[in-house]
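> Residue numbers (the numbering used here), protein chains in the order written: chain A, 1 to 142; chain B, 1 to 133.
Note that these hints are calculated values from the structure, not bench results. Each hint should be verified, as a subset may be incorrect.
Pulled a few chain A residues facing chain B out of the computed Cβ check, cut under 7 Å [stated by the list, open to error]: (1) R102; (2) S128; (3) T132.
Remember, it's a predicted structure, so these values are computed and weren't measured experimentally. Glycine included, every Cβ here is placed at the ideal spot set by N, Cα and C.
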Amino acid sequence: MTLREFIISRLQLFCFLVTMILVTSAVLGAVIAPEKELRYYHLFSPVIIAAACVLPTIITYFRKEPTIPEYIIRLIAELSVIEVLVLIMVSPPADVDIVYFRIMLGISVFVIYVLATLMMLYQRYLQSKKFTRQLRHLQKSE
Amino acid sequence: MLEIHCHTLSDEVKEIIAFVKSRNGQLTGTVDDTMYEIPVSDIYYIEAVENKLFIYTKSKVYETKQKLYELEEILKEKHFLKISKSMLLNLMKVSSIKPSLNSRFIAVLYSGEQVIISRKYVPELKKALKGDT
């Protein structure tokens with residue numbers, strides 16, 4: 001992956017995360033504090049959190065090609081940094097148990113991370129399908 | 001038809017013969033000190049291993065005295081592509097391409113063998129598949 005492709009993939013990830021955080025906030029909010037009302041400025045939260053979560057993904061960009069174990073270690077490091085960042089950034093509502101809230105938040109971050117990783121893998125799968133199609137075309141044209 | 005006359009068949013002359021043959025769609029390789037002519041269309045990939053260069057066909061592996069960069073240049077027009085620091089792949093022998101975990105791709109050959117396409121060479125692959133090379 002070139003730096004340009006990496007930046008494009010991070011922008012795609014950012015948009016995906018904003019959507020996922022918005023959905024998760026709506027679901028968690030409906031479960032934990034359904035009576036709570038939000039103000040307009042709260043709508044910025046998914047954007048700010050998504051931007052903050054995309055930054056640590058720089059960990060997974062490397063000039064030298066990593067081995068599969070190195071790559072997996074970086075993914076775990078990336079997830080850990082994101083978990084810590086979100087747990088620091090998001091504070092629970094006043095009348096909600098902190099431990100319960102932190103666990104729910106941690107699980108939500110993990111689920112979103114897995115979904116985002118799967119989305120990126122799916123994009124690479126689509127790219128490889130495109131390569132195979134182009135390859136067939138090249139072989140037929142000879 | 002090209003004729004080469006020489007007093008002794010030295011290594012240099014052998015290299016010249018191999019070069020001329022490779023331009024004509026054939027490579028020269030050895031197996032157990034026996035020399036063979038290998039049609040380029042039979043080659044799956046060419047790999048450098050510890051300063052030696054090997055030519056892989058469906059069922060045989062030949063050693064060649066030619067250099068990887070020389071073959072890269074000669075075989076470029078025959079849809080051979082460098083896919084890692086040490087390997088040239090014949091795109092005509094690839095049945096499919098699938099993703100690998102660490103930004104690499106895997107080329108599945110018609111022989112069933114799989115070879116790794118390094119991240120660094122993916123842009124070249126894209127160009128080759130679009131017909132830019």
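> Hint validation: S128 of chain A versus chain B, beta carbon distance must be below 7 Å. Holds or violated?
holds (5 Å)
> Can the hint on R102 of chain A be confirmed by a CB-to-CB distance to chain B that is less than 7 Å?
Because about 31 Å separates R102 of chain A from the closest Cβ in chain B, which is outside the 7 Å limit, the hint is violated.
> Hold the hint about T132 of chain A up to the distance rule: shortest CB distance to chain B must be less than 7 Å.
With a minimum Cβ separation of about 5 Å from chain B (threshold 7 Å), the hint on T132 of chain A holds.
The structure fails to meet hint 1 from the earlier list, while all remaining hints are met.
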